[in-house]
Amino acid sequence: MRAGVPFALAGVLVSLSFGVLAREAGFPVVAAIVMSAIVFAGSAQFAAVAILASGGTAGAAVAAAALMNSRFLPMGVALAPSLPGGPLARALQGQTVVDASWAMAARRDGTFDRWLLFGATAPQYLTWLAGTAIGAFAGDALGDPRDLGLDAIYPAFFLALLLTELRDGRARAVAAAGAALALALVPVAPAGVPVLAASLAAFWGLRGRA
Amino acid sequence: MSTATVWLVIAGCAVVTFAIKAAGPVALGGRRLPDRFTGVVALLAPALLAALVVTSALADGEDLHVGADTAGVAVAGVALWRGASVLAGVALAAGVTAGLRALS
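Chains A and B, in that order, are what the protein sequence lines are.
Heads up, the first sequence is in our numbering, so the first residue is 550 and it goes up one at a time.
Heads up, the second sequence is in our numbering, so the first residue is 92 and it goes up one at a time.
Don't read these hints as lab results, they were simulated from the structure.
Relax, there's no trap hidden among the hints.
The following residues of chain A were derived to be distant from chain B, with all beta-carbon distances above 12 Å:
#1 W664
#2 A671
#3 L678
#4 A679
#5 I683
#6 F686
#7 D689
Coverage of chain A stretches by chain B, computed from C-beta distances (three or more under 8 Å per stretch; other residues unrestricted):
#8 594–601
#9 710–716
Now the stretches of chain A that chain B is said to cover, found in silico as 3 or more residues with beta-carbon under 8 Å:
#10 555–567
#11 572–584
#12 624–637
#13 643–656
#14 692–702
#15 726–739
#16 742–748
Every residue gets a Cβ at the ideal spot worked out from N, C-alpha and C, and that includes glycine.
Kindly generate the complete structure, drawing on both the sequences and the hints.
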């Protein structure tokens, strides 16, 4: 559990900014909180709300959320051999994957510590809900989220995670390649695709080892 | 935008997120992956996280631009690199971004 606490504390600020943005986009307070409770995927929630706020359709919002979450596909494939149980148990255990926990639970040999994964996710889930509630209820009093710099919180959070991953030269090279690939695709691909495509950098990185 | 649309989107997002997170664990069962693949897996996290950082700090829809938030994230990056806690890092990012916007 303790491993997830720093990210859970920072998650309060991230989800608070989500609550504020969702209210601004016209979400009822309870809708913002329910979304955090049953979707529990930051980038997907931000993407869906941003698309609705800019006048997009429900279909476009859900599609953007799916693309944002597509990075959980390779994460789930990676995690699969480390999970026991039948299909339902496996599906439910898979729900505990969030970026910070997944990255922390990954061992260097490619297997995963599933109890570290579950334990690290639990406090993050609670603070994700609490932050969303605070943001949704207090949003009007806080003013423009941009004036508070709330939009910088989310990338800074992922940067903190990334720095813990840059153990060696190969990881650093792969991170740089993934970032470059994603940036190159931003102007031409729908939101979410650039991040998914960055996973190709991992394959490139492994080739360099042979 | 109607309240019905909001709920439709929330339900849709919940279903696709559940399906995506369940897909890998269910489809693969408990089979072990080939060694080559586990090597790739170990490198997925830096690739995906780096992409998330740069796209969320630099992309605004389909445009790339450097703004106050980019500077805030960069300052936070230096602090985190030098050993600051995650909470301190994100608070610094928000503070620097808010400060720069207040000045401009």
